[in-house]
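Asks: Here's the letter readout for the chains.
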Amino acid sequence: MNRIQHVFDNKKPDEKLMSLFITAGYPDLDSTVDLILRFEANGADIIELGMPFSDPLADGPTIQYSSDVAIKNGITMNKIFEIVEKVRKTSEIPIILMGYMNPVLRYGVSKFTRKAAEVGVDGLIIPDIPIEEDGIIKKQAEENDLDIIHLVAPNTSDERMKLADENSQGFVYCVSVTGVTGARDGDEVSKSVDRFIERVRANITLNPVMVGFGIRSHEDAQNIASNADGFIVGSALIDTIKQHYPKDNWQSELMSFVRSLKFGK
Amino acid sequence: MSTQTKTKNYNYPDERGYYGQFGGKFVPEILIPAIQELEAEFNKAKNDPIFNDELAGLLDEYVGRPTKLTFANRLTEHYGKAKIYLKREDLCHTGAHKINNAIGQVLLARRMGKKRIIAETGAGQHGVATATACAKFGLECIVYMGEEDMVRQKLNVDRMRLMGAEVRSVTSGSRTLKDATNEAIRDWVTNVDTTFYIIGSVVGPHPYPMMVRHFHEVIGNEAKQQIHKVESRNPDYLLACVGGGSNAIGFFYPFIKDESVDIIGIEAAGFGVDSGKTAATMTKGTPGILHGSLSYLLQSDEGQIELAHSISAGLDYPGVGPEHAHLKDLGRVQYHAVTDEEAMNAVKLLSETEGIIPALETAHAFAWLEKLMPQTSEDEIVMINLSGRGDKDMGTISEYIREENN
Chain X
19 MNRIQHVFDN
29 KKPDEKLMSL
39 FITAGYPDLD
49 STVDLILRFE
59 ANGADIIELG
69 MPFSDPLADG
79 PTIQYSSDVA
89 IKNGITMNKI
99 FEIVEKVRKT
109 SEIPIILMGY
119 MNPVLRYGVS
129 KFTRKAAEVG
139 VDGLIIPDIP
149 IEEDGIIKKQ
159 AEENDLDIIH
169 LVAPNTSDER
179 MKLADENSQG
189 FVYCVSVTGV
199 TGARDGDEVS
209 KSVDRFIERV
219 RANITLNPVM
229 VGFGIRSHED
239 AQNIASNADG
249 FIVGSALIDT
259 IKQHYPKDNW
269 QSELMSFVRS
279 LKFGK
Chain F
101 MSTQTKTKNY
111 NYPDERGYYG
121 QFGGKFVPEI
131 LIPAIQELEA
141 EFNKAKNDPI
151 FNDELAGLLD
161 EYVGRPTKLT
171 FANRLTEHYG
181 KAKIYLKRED
191 LCHTGAHKIN
201 NAIGQVLLAR
211 RMGKKRIIAE
221 TGAGQHGVAT
231 ATACAKFGLE
241 CIVYMGEEDM
251 VRQKLNVDRM
261 RLMGAEVRSV
271 TSGSRTLKDA
281 TNEAIRDWVT
291 NVDTTFYIIG
301 SVVGPHPYPM
311 MVRHFHEVIG
321 NEAKQQIHKV
331 ESRNPDYLLA
341 CVGGGSNAIG
351 FFYPFIKDES
361 VDIIGIEAAG
371 FGVDSGKTAA
381 TMTKGTPGIL
391 HGSLSYLLQS
401 DEGQIELAHS
411 ISAGLDYPGV
421 GPEHAHLKDL
431 GRVQYHAVTD
441 EEAMNAVKLL
451 SETEGIIPAL
461 ETAHAFAWLE
471 KLMPQTSEDE
481 IVMINLSGRG
491 DKDMGTISEY
501 IREENN
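Protein chains in written order, with the numbering used here: chain X, 19 to 283; chain F, 101 to 506.
It should be emphasised that the hints constitute simulated quantities derived from the structure, not laboratory data.
Check the hints yourself; a few may be wrong.
Claimed, not checked - Quick list of in silico lysine-lysine cross-link-like pairs, DSS-like style, CA-CA up to 30 Å: (1) X/K180 <-> X/K30; (2) F/K144 <-> X/K180; (3) F/K168 <-> F/K324; (4) F/K471 <-> F/K448; (5) F/K108 <-> F/K357; (6) F/K324 <-> X/K97; (7) F/K377 <-> X/K90; (8) F/K377 <-> F/K357; (9) X/K260 <-> X/K30.
All values reported here derive from a predicted model rather than from experimental measurement.
Using the sequences provided together with the hints, build the complete structure.
Replies: What follows is the structure, encoded as structure tokens:
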């Protein structure tokens with residue numbers, strides 16, 4: 019069975035799944051495998067592994083920074099596949115590759131999807147591929163049993179939410195605010211998010227829904243994801259790494275933050 | 101299908117916003133409602149006589165259109181071959197063709213009730229044009245500009261600020277046009293309900309390449325009429341510089357189906373196309389996706405966008421409009437590249453022979469005359485789009501000449 023579906027099928031009714039984003043190759047090439055395994059040990063249910071791109075136009079300064087560092091560190095698509103391959107030796111946590119289309123296109127869409135499936139990737143999130151352009155990768159992803167996860171935002175119409183639902187597998191990614199990625203003031207996010215998630219629930223019926231953008235604490239996650247199946251954290255993790263790396267305890271600081279996100283203090 | 105048949109039926113973009121295999125709308129979901137609304141409104145506006153009359157009125161009394169077609173007699177004598185005519189976009193208000201599009205899009209923004217305008221700029225000409233149009237209509241204007249370009253084009257920064265625009269310095273990446281565009285898109289993603297993004301070239305997601313072409317077609321339409329008036333025929337050659345490609349597409353488009361016209365676009369080679377410091381996207385690039393469309397790009401084997409280099413800030417961009425990519429693949433337009441040095445020599449030649457100081461961008465088109473003119477004959481006609489004037493580049497030009505003399 020598909021690993022993504024498996025975690026949603028086994029979710030307890032009140033549980034919120036936690037998906038964690040980390041840029042492959044950040045803060046250095048060698049720690050990504052270990053970070054993923056430790057995220058899992060500390061409560062992560064799904065991993066979104068960022069494929070760095072030089073021009074991440076849907077992301078805020080935090081992800082742009084981690085992407086720049088990873089590219090300077092020498093990350094490549096093949097190294098990203100090696101990371102997944104190593105994680106798969108000991109772990110069955112769902113892994114979703116997240117990134118922009120150009121590096122995928124350059125690698126070759128068929129070769130990319132084949133290789134991704136081979137090393138144990140479960141799904142893809144490509145923010146600059148809206149539904150009308152997904153023909154560029156849809157067939158190849160299907161052939162290799164890779165889920166394509168579309169995004170919806172507060173300004174997405176009911177009609178397009180239904181379309182995103184029909185064209186997604188695994189889950190639908192709800193962007194909680196109109197804007198780029200980045201940790202935000204929790205109040206700012208939760209104020210408007212309730213009505214949005216209500217609309218999401220009414221229109222997205224085939225897939226689970228995960229909420230992301232702006233979550234930086236357990237409280238944020240509980241508020242924002244109260245009506246969703248789970249939540250996604252990315253920039254707040256990168257910010258935490260940035261704050262502590264390369265001090266000796268950077269990983270333990272990060273993991274205690276991860277535990278607090280899922281379980282509270 | 102032969103190039104000829106393809107050209108005769110030339111009708112792009114298709115309903116999905118594609119020019120052959122290029123174009124499309126590769127943007128985050130958040131922007132989809134905005135570009136759908138924009139496309140619908142643009143299609144209504146361009147067929148609305150009230151909109152078109154207002155635009156025509158502004159182009160006439162504010163921009164100063166039609167711009168002149170000037171016979172370059174001394175430049176023609178210099179080469180002793182085909183006659184050379186200049187389409188004088190440098191005489192537009194603000195000194196370059198960019199104002200045609202800025203006025204058009206500001207009218208559209210106003211029609212859509214958007215009061216906050218954002219733009220990206222490289223050389224600053226599009227930023228100045230946008231600031232100008234916003235001042236004229238009393239709209240809030242924010243221009244994103246790379247930190248490096250703000251130094252190279254200080255005069256234009258001052259002009260924008262004087263007209264009430266806020267110029268935001270972009271310090272990410274290469275600190276030039278590519279990164280200014282990223283920042284403008286991020287602003288748009290964040291403020292999409294209130295904000296109209298005026299893209300300055302025939303790049304970006306559909307409908308931008310089509311819309312920007314539409315607002316610049318006036319260049320080619322006027323030039324065609326003007327050359328027919330003095331020469332009673334089409335020119336044999338059209339020449340324009342290509343960065344993103346807006347002046348070129350506006351100039352070329354009305355001639356694309358006229359198969360007797362050889363159309364040539366000139367890119368910036370920077371230090372040379374194989375120097376690693378170049379902006380020759382069509383010569384050195386490969387297909388890829390940047391800023392919302394699929395086109396030729398300067399990129400690494402890993403699909404990371406490479407930094408472009410050109411002495412001209414307006415051509416210093418690692419992408420190119422998708423329609424140019426298609427015209428290249430069709431074989432309808434020939435694209436070549438000239439170096440910083442060749443462009444600078446062209447600045448001097450045009451200044452000395454015609455008393456016209458061209459923008460550094462524009463000078464790239466003139467530099468190709470060195471290669472083109474020996475192949476022409478005296479009964480032929482070359483028409484060049486003189487897309488902008490060089491006042492803004494005087495700092496760069498003076499410094500270059502000083503270094504050359506040392």
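Asks: All the hints need checking, so say for each whether the structure fits it.
Replies: Do the hints match the structure? See the list:
no.: 1; hint: X/K180 <-> X/K30; result: holds (26 Å)
no.: 2; hint: F/K144 <-> X/K180; result: holds (28 Å)
no.: 3; hint: F/K168 <-> F/K324; result: holds (12 Å)
no.: 4; hint: F/K471 <-> F/K448; result: holds (17 Å)
no.: 5; hint: F/K108 <-> F/K357; result: holds (5 Å)
no.: 6; hint: F/K324 <-> X/K97; result: violated (55 Å)
no.: 7; hint: F/K377 <-> X/K90; result: holds (19 Å)
no.: 8; hint: F/K377 <-> F/K357; result: violated (35 Å)
no.: 9; hint: X/K260 <-> X/K30; result: violated (34 Å)
Hint violations for this structure: numbers 6, 8, 9, all remaining hints satisfied.
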